[in-house]
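Visitor: Position chain B against the provided structure of chain A, taking the given hints into account.
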Amino acid sequence: MTIFDTIKDQDVPLRLVRNFIKRKRVPNALLFWGPSGVGKGLTAIALAKVLMAPDEEGDQGSLAARKIDHGNHPDLHVLSPVKKSRIIDVDAIDFIIEFASLHPIEADRRVFIIHEADRMRAPAQNHLLKTLEEPLGKSLFILITEHPQLLLPTIRSRCQRVRFGRLRAETVKEILLRDRDVSPGQAEAVASVAEGQMTRAFDLIDTDKRDVVLDVVRRLSEGEDPMAVSEEFLKYVASQKKHFETGVKAAAEATGSPELTREDRAQLRDEQAALVDALCRHDIMEMLYLMEVWYRDVLVYSATGNAEFVLNKDQMALLESAGVSDPDAKIGAVEKSRRYLERFLNEERVFRDLFFALAN
Amino acid sequence: MADDHYLVLARRWRPQTFDDVVGQNHITRTLQNAVRAGRISHAFLFIGSRGIGKTTSARILAKCLNCTSTDKPTPEPCGTCENCVSIAAGSNIDVIEIDGASNNSVEDVRQIRENVRMVPSRSRYKVYVIDEVHQLSIAAFNALLKTLEEPPPHAVFILATTEAHKIPATIISRCQRFDFRRVGINDLMALLRKICDAEGVACSDEALHAIARAADGGVRDAESILDQLVSYCDKEITFKDVYDVLGLVEWQVLHSLCEGLRQHDVAVLLRIVEDVVASGKDLAEFTQEILRHFRNLLVIKSGAPEDLLSLPETEVKEMTRSAESFTLTELIRLVEQFAELTSGLESQLAQRTALEALLIRLAKRTLDVSLDSVLEKLAMLREGAMAQDAPTPLPARKRAAPPPPEKKSPVAPSAPKKAKAKAKAKARGAKTSRTDTPAPAAQSETVDPSEVKAALEDPHISQVVDVFKGRIVDIHEEPEHND
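As they're listed, the protein sequences go chains A and B. If you're matching positions, the first sequence starts at 1 in the working numbering and goes up one per residue. If you're matching positions, the second sequence starts at 1 in the working numbering and goes up one per residue.
Same shape as in the complex, but just chain A (with noise of 0.2 Å):
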């Protein structure tokens, strides 16, 4: 078993750099791109792996393997958004450009892997162009993100584009099955209902958001007043809050460092307050993916009155029971929550709106 058979169901993506390695056409900029949870990442890090542990392709235990896994390898720079604002500014990148001039130590190559590299504002992105085509050392660049109409052409047209597709269903079932304990009828709903996303597997099955929706839909249509149902979704809403507050603090006491001066714990305290902030807004938006959804289930059922087409297979009995008029409508005002959360409106405000757009 190779490093690359970790990785499932991308078959275009492997096969690629599969030959890149075996025919010596590593090109010095990749642009790996797709949806969140799909194994972009990892596909990057087992290049840089075999790139710079040469002719080790299955094994991982090599010194400059464990390097990489403990991201100590002097040749391997990994960036990423930071700060509140999460952006990859332009210091960042004039930083690494600086190292890609510079000869590789213990490689052959420098690997360059730059996560949600949308986040990169123009300016920095206009510093890379230069670098990013011709290269003055040896160097390799990978890009990583989800949305790359939001990087500049000059940036994806240097870049040899590489699509990283969903998973199937089934193999996101094998995955939950084999990591997880929940039994198959569980897992087959939640590999249908995660599109493809490992990631997004893993979080419905370890947190209880799908009971948290599927309770909120199915009061709604039985035609509980929305105001109690919306208070109480704003109560777990909140619960959750302190909920990663409590880690989010728990973590950085086991690894913070004792030696700080009054503004750096107040810089500390704002990115804690950050990092809450943004665990708070994902959560929120899966669970608007997740009664988007329902609502889109509600509406292919009665459109085709064929179960095949469910996402949402283990609730079949609700979906049946449930009397929802113009799920069209629905998904609508989902949509339009959506966009609310996203220009920051109070989420109190939103929510109750929301909920009564869905009662029936």
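Quick caveat, the hints were computed from the structure, so don't treat them as lab data. Even for Gly, the Cβ is constructed at its ideal location relative to N, Cα and C. Treat each hint with caution, since some may be false.
If you only want the chain A side, here are some residues facing chain B, beta carbon under 7 Å, derived [claimed, not checked]: (1) 20; (2) 138; (3) 303.
Guide: Frame of chain A; chain B shown alone:
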């Protein structure tokens, strides 16, 4: 492992003479003639989209100016003299290539101004190539102005950028401006064929066409896709390989989608989406392709010349047949709706849901609501009414919309009365008087409530009524009601 570092095709095939530059004849010819006649401007501005030869042309021009094979600038640089070789390698001491994005401050420009005064050390001209010049700060641009207008005789500036609108007008007016064009599919195909032959790669014409189409006018994009495919494929690059690597959907799928829409078959449509998802393709791209497909159908339907499509012939034939089954209005509406969907799709929570919801909406609605067909039916109705010579339910239903002329005459006498009392409310008076008058006796007598009901259920009537409300409303009716 990789001792000899791989150089990507786009760099290996960077043109070294003006004759090799593809699709920019209007520029290469001008530049060559200028060099031949010795009328060399001191500042050039190269503008154009990504990967079509701006930097390349700048380097070739530098070679033309400094080639030592002749004793004056030549339109055909030799490529073998010391200057030509070092310019191609980027190491010439008198050709200074500056990354405008990283050196964008006033300080950087001041440095250029200091250095530009020194005479070139080994060549005729000192050439400054400032790439990505749009990234210079406003202050930096201004600092450059004087030098750009009157540089020392040995200096030539070449500015290159993708974004012309970010360049101050004062800079543009001091330069000779050259606008690079996107390269046509045929030029791209010819270039790709040349590269394939030289690299010893077999590649079908269909595949080349698909690559050229995906490159969207960019030479570097085309070369980069080809490079990738050479890595991907074993012996020959086929059409299918291109589609697999780029994640495109075969056009047959789009045709079955059209068929599904025409047949109002929701199951077929959902199955297509399911298949696209299961094969790991990107739904946003798929939606783009649907949009492009309907755009192409629209082009065919409107009778525009076929070369606007830039499609292979077999596909055009199939499309012409498909276009016949839609009316112009339908196609316009489809294009509009898919354009709306694509514009917001990237940020949607669930792209699949958005696409499926639209398809279901389209399939459930009768597509056949073109103005033509409605007018046709209207004419038919009128004939029918005359033949019957009896009060049709139509005027009764229309009461809400434009008032029949007979209604106005009984109202008229009351209007002047009000006008006398209040001249101000003249316009409003007419309006209120209309609502004041209860349903005229002469009209309402003939209308039977059951008749009204029957009229409403008649699809023709309801269609006509909707037209008269001032817009064509989506009419929900069973397809079998159609003629």
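Visitor: Hints the structure violates: just list their numbers, smallest first.
Guide: none
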